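*Asks:* Protein chains in written order, with the UniProt record's numbering: chain L, 1 to 812; chain F, 1 to 812.
Simulated from the structure, these hints should not be mistaken for lab results.
Small disclaimer: the values here were computed from a predicted structure and weren't measured.
Certain hints may be false.
[As the list claims (entries may be wrong)] 30 Å max Cα-Cα, derived BS3-like pairs, lysine-lysine:
1. L:769 to F:555
2. F:555 to F:510
3. L:555 to F:555
4. F:609 to F:769
5. L:555 to F:769
6. L:510 to L:555
7. L:769 to F:510
8. L:510 to F:769
9. L:609 to L:769
10. L:555 to L:609
11. F:609 to F:555
[Stated by the list, open to error] Some chain L residues close to chain F (C-beta under 7 Å, calculated; not the full set):
12. 181
13. 186
14. 190
15. 196
16. 504
17. 539
18. 730
19. 732
20. 777
Glycine is no exception: its CB is placed at the ideal position from the N, C-alpha and C atoms.
Each chain, letter by letter, is given below.
There are 2 protein chains.
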Amino acid sequence: MTTSTEQPPTVAGPLDDGELRAIDAWWRAANYLSVGQIYLMGNPLLREPLRPEHVKPRLLGHWGTTPGLNFVYAHLNRVIAARDLDAMYVMGPGHGGPGPVAAAWLEGTYSEVYPEVSQDEPGLQRLFTQFSFPGGIPSHVAPETPGSIHEGGELGYALSHAYGAAFDNPGLLVAAVVGDGEAETGPLATSWHSTKFVDPARDGAVLPILHLNGYKIANPTVLARIGRDELTDLLRGYGHEPHVVEGSDPVQMHQAFAATLDRCLDEIAAIQRRARDEGVSERPRWPMVVLRSPKGWTGPAEVDGLPVEGSWRSHQVPFSNARDDEGHRRVLETWMRSYRPEELFDADGAPVPAVRDLHPGGDRRMSANPHTNGGALLRPLRMPDFRDHAVEVTEPGTGAVEATRVLGRFLREVMRQNMHDFRLFAPDENNSNRLGDVLEVTDRTWVAERLPTDDHLAPDGRVMEILSEHTCQGWLEGYLLTGRHGLFSCYEAFVHIVDSMVNQHAKWLKTTNGIPWRQPIASLNYLLTSHVWRQDHNGFSHQDPGFIDHVVNKKADVIRVYLPPDANTLLSVADHCLRSRQYVNVVVAGKQPALQYLDMDAAVVHATKGIGIWDWASNDAGQEPDVVLACAGDVPTMETLAAAEVLRGWFPDLRVRVVNVVDLMRLQDEREHPHGLSGAAFDSLFTRDRPVVFAYHGYPWLIHRLTYRRTNHRNIHVRGYVEEGTTTTPFDICVMNRIDRFNLAIAAIDLVPRLGATSAHAREALVGKLIEHRAYVRTHGVDLPEIRDWQWSGARGPVTESPGPLVEPESA
Amino acid sequence: MTTSTEQPPTVAGPLDDGELRAIDAWWRAANYLSVGQIYLMGNPLLREPLRPEHVKPRLLGHWGTTPGLNFVYAHLNRVIAARDLDAMYVMGPGHGGPGPVAAAWLEGTYSEVYPEVSQDEPGLQRLFTQFSFPGGIPSHVAPETPGSIHEGGELGYALSHAYGAAFDNPGLLVAAVVGDGEAETGPLATSWHSTKFVDPARDGAVLPILHLNGYKIANPTVLARIGRDELTDLLRGYGHEPHVVEGSDPVQMHQAFAATLDRCLDEIAAIQRRARDEGVSERPRWPMVVLRSPKGWTGPAEVDGLPVEGSWRSHQVPFSNARDDEGHRRVLETWMRSYRPEELFDADGAPVPAVRDLHPGGDRRMSANPHTNGGALLRPLRMPDFRDHAVEVTEPGTGAVEATRVLGRFLREVMRQNMHDFRLFAPDENNSNRLGDVLEVTDRTWVAERLPTDDHLAPDGRVMEILSEHTCQGWLEGYLLTGRHGLFSCYEAFVHIVDSMVNQHAKWLKTTNGIPWRQPIASLNYLLTSHVWRQDHNGFSHQDPGFIDHVVNKKADVIRVYLPPDANTLLSVADHCLRSRQYVNVVVAGKQPALQYLDMDAAVVHATKGIGIWDWASNDAGQEPDVVLACAGDVPTMETLAAAEVLRGWFPDLRVRVVNVVDLMRLQDEREHPHGLSGAAFDSLFTRDRPVVFAYHGYPWLIHRLTYRRTNHRNIHVRGYVEEGTTTTPFDICVMNRIDRFNLAIAAIDLVPRLGATSAHAREALVGKLIEHRAYVRTHGVDLPEIRDWQWSGARGPVTESPGPLVEPESA
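My request is simple: use the sequences and hints to build the entire structure.
*Replies:* Here it is, written out as C-alpha cells:
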C-alpha cells in the first residue's frame, strides 16, 4: 500500500500543508468508502474487528480504476472552490462506480436525493450494503448516481459525451477521464478529434485526463506500452498539449497533479480569453493530462504472494475470500484501516469538517451540478408552426416532393428560433439528406483549417458533421443529457453502427423513468433516410432496415417508430418528436421526389391517429372489404396504392380497403405498448377474417411479431425487405423483394377466392408486366416510363390497360 | 485537367523514361476505363463523337477517389514486377469501384472470370454498361470484383481487413489505402494500433497509404485540415514513419511516389530481415505513405464555372447532364480524350503491349492474387476429436461445469494442430470467457513493450486481444477472407458493437454464393458468452440478447444460431461450426458453473438433430402431453427442467413434455430456412393443439417471428428477456423477467384447465416461493440455497416440498 504517511515529507508544489492534508483526507475518505462498498455489509466504521458476517457473500465491483477516479475528483474539488468553476466530471472507466457514489455521499448530495442513505453510521451501512446488491445499485456509474450523465457499461463514449455537454455551455468545464482500456475502442479513438468541433468562444471546455492504469481485465493496455514519446506524438496529433503526471507516492502525486491542473486551467482560461476577448478564431491546442498511476493504487501490494497493486489482479475485486478466509479478511481490514477512518468520520459516522471543507457547496458540487440532471435545465424549444411549410396537395397520390427537403425548411425555422440549445448531427450527410436549407441560418461546425472555397463552415456552426456515426451519436447524447435538443439524420443502412449506443441510451431512459429526482430530457430523434428502397446508388452491402427491429426490443415506454408516407405527415411527426421527452423516436422518410397523399389538415389527423383507413383510396364504404391492403413506409405506400389501382382496373367491384400506418407501435397490443390499439380497434381496421396484404418498409417478420396476438393474424400476409438487392432502379428493388404493385396485386388476387376465372387472366397479365419491366430495365437502365411517372388516378376511374369488367359472379 | 503531357519534363526520381511512360500509360488507361464505366453505355473507344445515346441515363458512381486508387495501383504494379512481390490491395474508399474493375480488366483477370467481358470492343462496351446498371455490378468494390476481399460499402475496416490478411502470411504485402473520410470513423481510427499486433517475423506486412483527397460528400476531411506537423505527430503516434507525397503534377507525382514506395519497401524488407534473420523482437516503426492529391485528379478543372477537380464536387459524378446537355457532353468527351485512348487500346479494343507490360503476370497480378479468393487457399482444419473432452454425465441435470472452459480445452487442441491458420479473437475477454487453456499452447499476440510480470504475451501469440470489438471483427474477417479459420469470443451484450460489420460480411457471403469463381471460405464463428442471464456482475446497461434477432434478418442460407444447453452439446456444435463453410455461426453458451444434461453420445445426437424431446425429463410417453415445456439456451433449460420438476411434484399425472432446442433455425418453416422443420415434424414435437410454454434465451418475440406459421402457434407462450434487470443474483434476473421455474410452472398451470382446484393451491404456493425468494435475496444478497444448489431429481421421484398427489380427476 502506498497510502500517504501521517507526516508528509516536503515536496515542492503549489499545495500548502493545509491543502495537501485536505485533498489527501478527502481522497482517503473516498477510497475508504469505495472499498467499503465493494466488500462490506456491516461494521462500516470498523468499530470492531471485521467478522465474516460483515463481508458481503458476493463481491462485485471494480477496484482497479477507482482510486485514480477519486484522486482526480479530490483535485477537481480544490480548483472548483479556488476558481469558482462550474464543472462536471465524466468518468470513462464507468466500472469504477464506487468512486462517484462515495464522492456524492461525501458531498451530501447522495443523502439529499436518497434520504435513507444518510450521513451517519446507519446511512453508511446502507451505502455499503446497497452497492452491487440485489435491490440496490449497479456496480458501475449509472443513472442512479448523482452527478453522472455517463452510463459506465459499454466503453468508448466518454469524450463524445463530454463534448456534447460542453457545446453551448461557455461557462462549463467538463473533466473527462479516459481509461486506457477504453482508449482502445474505435469510438473513443476517433472522438479525440472533437477538438476540431469545439468553439472556444461559444462552447465550454473539455479537459481530457488519460488515465494510464496499465491493465485491462487480463492484458496490458496498448497506450501504456508504447513509450512516452509515441504517446505524446499521438496526443499532439489529436490536437492536444499533453501534461504527464506519473508516479505512485501520494504526496508527490498530489503536488504534481495540482500543479498540472492549475497549468491546464490557466491554459484553458487563456484560450477562452483569446477567443472571446481578442476574437482569435484559430483552433487552439487544448491542454490535457496523462495520469499514470498504479492500477488499484493504495490497495494491497500483494495477496497470497502475488502482486496486486499495479497489476491486472486489481482490476475487479483484488481478493475474493474475505468472508471465509481469515487471512484475506485481515488483509482487508489492514487495507481499510490504512485510510485512517477515525480521522475522516466523526462519532456519528459523518465526514469530519476537514473532509467536508474540501468540496464546494450547492450547485458547484460536481455531484449536484445541474448540467448532470439536464432535464432540470431543459427549456422547451420555441416551435415555429410546421403548417407554414405544408406542401399543397390537391389530388392525393400526385406530385413529386422530396419529403426531407420540406422537413429541412421546418428545421431551418426551428434552428432560427433556438440558436442556443438545438443542433443537428449527421455523418457528412446533412445536405445529402436534403436538410441543407438549415445552412441558411447557421453553418457547419468547423474549427480546423478553413479555405475560401469552403461551403458554410464556421466555428460557431450548429450543424455537426463528422464521418463517425459514433461521434455524432455520442455528442448528441451528451447534448441531450445536459438539457438540450437535437436531431440525428443518418442513412438508414449506417445507423446500425450505433446499435449498441442507442441500446444503452434507451436503457438509461428506462431507468431514469424510475428515478424521481431525474427530470425528463428531450427525446433522441433519428431521421433515417436514404432508406432501403432508394439505395439504387450504393448497392446491396448498404441495405438494412433492421434498426427498427433493434429498437423495438427495448422497453415500449421509451421507443417510438414513425413511418410518415409523405411530406406533410413527416412535418407533423417531426413537430411531435421535437416536443416530446424521454423517448427514442425513429422516423423513417425518403429523400427522393415522391408522391404526396395528404393535405396538411389530413396529415395532422393521420399522424395523430397514427393509423387509419384511407377512404379516398378504398372502395369498401359501408361494407366489409374483400381484401385489406395495408402499408407502412413511403415506398410501400406508393406501391400499395398502385396495386389498389391495378386491382380496381381488373375487378371494379372488388372491395379494397387501404390502411396506412404511420406509428408502427399502433400495431402492437395495447397491453404491450402504450400506443397499441385495442383488439376491437385493430379488428375494425384489419377485419376479423379478411385477407390482408401488408406492404412494410422493413423486414416483414417484424409485422408478424407485432401482430401475432391479433384476431386476424392468420390472414395477414406481409411483404417487406427480404435481403435482395444490388445497384438497380428504384422500382426494380421493389420487384426483387416482391413488394412492387404487381406482386402485391397478385398476392391479393390469390387471396380472394370469389374472383374466379378472371383472376387467372389478371394474374397472367401482371406477371407479363413484371417480365416486361425486367427486360426494359436491363436494356435501358431506367424504369418503364409508366412506372417512373405513375400517379394515383384511382379516383378518376379505371386505368386504361384494364380489360373492363370481366369479373365472374361470386363463386365458392 | 492535370493529365500528363506527351513530352514529360525531366523530373528527378527513380523512374527512367520508359518506366515513367509505362506507369503513366497504365494510369491513363485505368482512369479512362473508370470514367467510361461511370458515364458510357456505347462508343467505348470514342470512335465517333459522343452522342446522347452513348451516355447512361442514370449516372452513378464515385469518381473523386478513383484516380488516386488507380495511381497507387499502377505504381504497385511496377514494384511487384521489379521485386517479384506477392501483393494485394485493400481499397478503403470502396466507392471507387470503377478503379479496381478497370485494373482487373487491364490485367486480363476480369475476362478470365467473366469471359463475356472480353478484352476487345464488345467487351469494353459490356464493361462500361454493366457498371452500376440493373443486372450489372455495384458501383463500389464488391465481391464481384476480382482481387478484392473488402466490401466498399460501409467505411472503417480497411486496415483491420488488411492486417487480418497479413497475419500468418509472411511473404505477403498488403497495400491498404485509407481514405481521409474513412479515417474519421472510430473503427478505422483505432485500427492503426494493429501495429502492436503484427509480428514482423511471422506475419506479412501492411503498407498503409493515407489518401488525403481533402473532401467527403459535402465537407472537408479532418485529417486534411490539421496541418502537416499535427498529422505527422498523429501517424507517428500510431507507430508509423509517414512519408508524404503531395502534389498534382503527374510526372512529379510519379517520381515522388515511386521513390517513396521504393523507400517504404526497403524499410519493410529491412524490418523483416532484422526480425527473421537477426531475431530482433522489438516493435519496429513501420513505414507508411501519406498521398495528398486532388479529389477527382485529372478530371475537369471546372464545369459550369464551378471548380470540380480538387473539390467535393468531384466526390460522385462531377457533372450529371452529359446525356441531355451538349456542353456537358463535350466536357466529358474532352476529358476522356485527354487520356489519349488511341495510344492505350489497339484496333480491337485490347490494351496495347505498352500498357499490358506494366503489370505482372499470373498470380502476381493483384486482381488474381490467390489470397483475395481465400477459399481457393483454404485447407480444412486438422480436427482433434472433440469427444476427448467430454464431460461425464451420469445423471442428467446434475454437476456444475463451466461449458466454455470445456470448450477452451478443445480449442487448445485445435490450436495445437493448426498453428499456422487458426486464431482466436476477443476484446480482452479470452480468459474471462474461460478459454484460457488455449494459452498452454500459444500466447496472446503482443508486439508492444513487455514486462517480466506479463502473462502469456508474445509477438507470435495466436490469441488476439484488443479492447475493440471492431478491430477483432475486422481482423477475423480479413483472416477468413484470405482462407484461414478463427473464432471470435465476446460478451453477448457487447457484440452489438459489430452489428453493421457482421451485416456486411453476411451479405458478402450471400453474394459470393452466387459467384462461381469465389471459393467457399471458413465460417465466421461467434461464441457469445457472459450472456444476458448471468450479467449479475455488470448490471442492466449491458444486457441485450438481440444479436440473434439481428443476424436472423439476414439470408437464411448464411445464418446459423446455436444455443447448446450444456458442455457436451457445446463441443459438438463447436466441432460442426469449425468445419463449416460460408456461414455466420452464432453460438451462445454460458461460462458459469451449470448443470449438465447429456452424455457425449446423446449430445452428438441432440446437436445433430438440433431439436428434440428429452424423454428423461418428460412423462408423456406414448400419449399427447398436457403441456409442452420448450426451452432454448442454458439458463432457460435449467429453469424449464426445474419447472417440470415442480409441476411433477404437484401434479404427478400431469403429462409434461420437455423439448429442447439447440439449433434455433429448426423452428422456422422449411420453406424459409434450410434447417427448418417440416410442418409435420414441428407438430410432432409441439403438438397441434396443446399449450406450449417456451422459455427462450433472448427476446421472446423472436420465437413468435420464427413460428407464426406453425399449426399450434396460437398456443405457444414464450418467456424470454423482457428488458428487466439490474445488478442482482442469477436467479433474480430470471424472476425479474418471469422466466424462472416458478413463473414457468404457474404459466403451465394456468394453461391446463383439467388441473382443477389444486391449481389454485399450487399457484398460491408458487407465488409464495417467489415472495420468499425476493425477501431472501434482498437480505442475504445471494439466492436461496435450495435454488442455488438445485439439481434435477425428476428421475428420482417427486421433490420433497410437494404436497403429494392432490390432483383432481380430469374435469372439463
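*Asks:* Using the nearest Cβ pair, does residue 504 of chain L come within less than 7 Å of chain F?
*Replies:* 5 Å, holds
*Asks:* Under the criterion that the straight-line Cα-Cα distance not exceed 30 Å, is the pair residue 555 of chain F, residue 510 of chain F satisfied?
*Replies:* The hint holds at about 7 Å.
*Asks:* With chain F as the partner, please determine if residue 186 of chain L meets the hint condition of a C-beta pair closer than 7 Å.
*Replies:* 3 Å, holds
*Asks:* Just to be careful, I want the Cα atoms of residue 555 of chain L and residue 769 of chain F compared with a cutoff of 30 Å; is the pair within it?
*Replies:* 27 Å, holds
*Asks:* Given residue 181 of chain L as an interface hint, is the shortest Cβ-Cβ distance to chain F below 7 Å?
*Replies:* Because about 5 Å separates residue 181 of chain L from the closest Cβ in chain F, which is inside the 7 Å limit, the hint holds.
*Asks:* Given the hint that residue 609 of chain F pairs with residue 555 of chain F, does the C-alpha gap stay at or below 30 Å?
*Replies:* Distance of about 22 Å is within 30 Å: holds.
*Asks:* Are the Cα atoms of residue 769 of chain L and residue 510 of chain F separated by 30 Å or less?
*Replies:* 28 Å, holds
*Asks:* Hint check: is the beta carbon of residue 730 of chain L less than 7 Å from a beta carbon of chain F?
*Replies:* 10 Å, violated
*Asks:* Does residue 732 of chain L hold up as a contact with chain F if the rule is Cβ-Cβ below 7 Å?
*Replies:* Holds: closest Cβ of chain F sits about 5 Å from residue 732 of chain L, inside 7 Å.
*Asks:* Measure nothing beyond the straight line between the CA atoms of residue 555 of chain L and residue 555 of chain F; if it is 30 Å or shorter, mark the hint as holding.
*Replies:* Distance ~27 Å between residue 555 of chain L and residue 555 of chain F Cα, so the pair holds.
*Asks:* Is the interface hint satisfied for residue 196 of chain L? The criterion is a beta-carbon contact with chain F at less than 7 Å.
*Replies:* 6 Å, holds
*Asks:* Does the CB of residue 190 of chain L sit less than 7 Å away from some CB of chain F?
*Replies:* 4 Å, holds
Hint violations for this structure: numbers 4, 9 and 18, all remaining hints satisfied.
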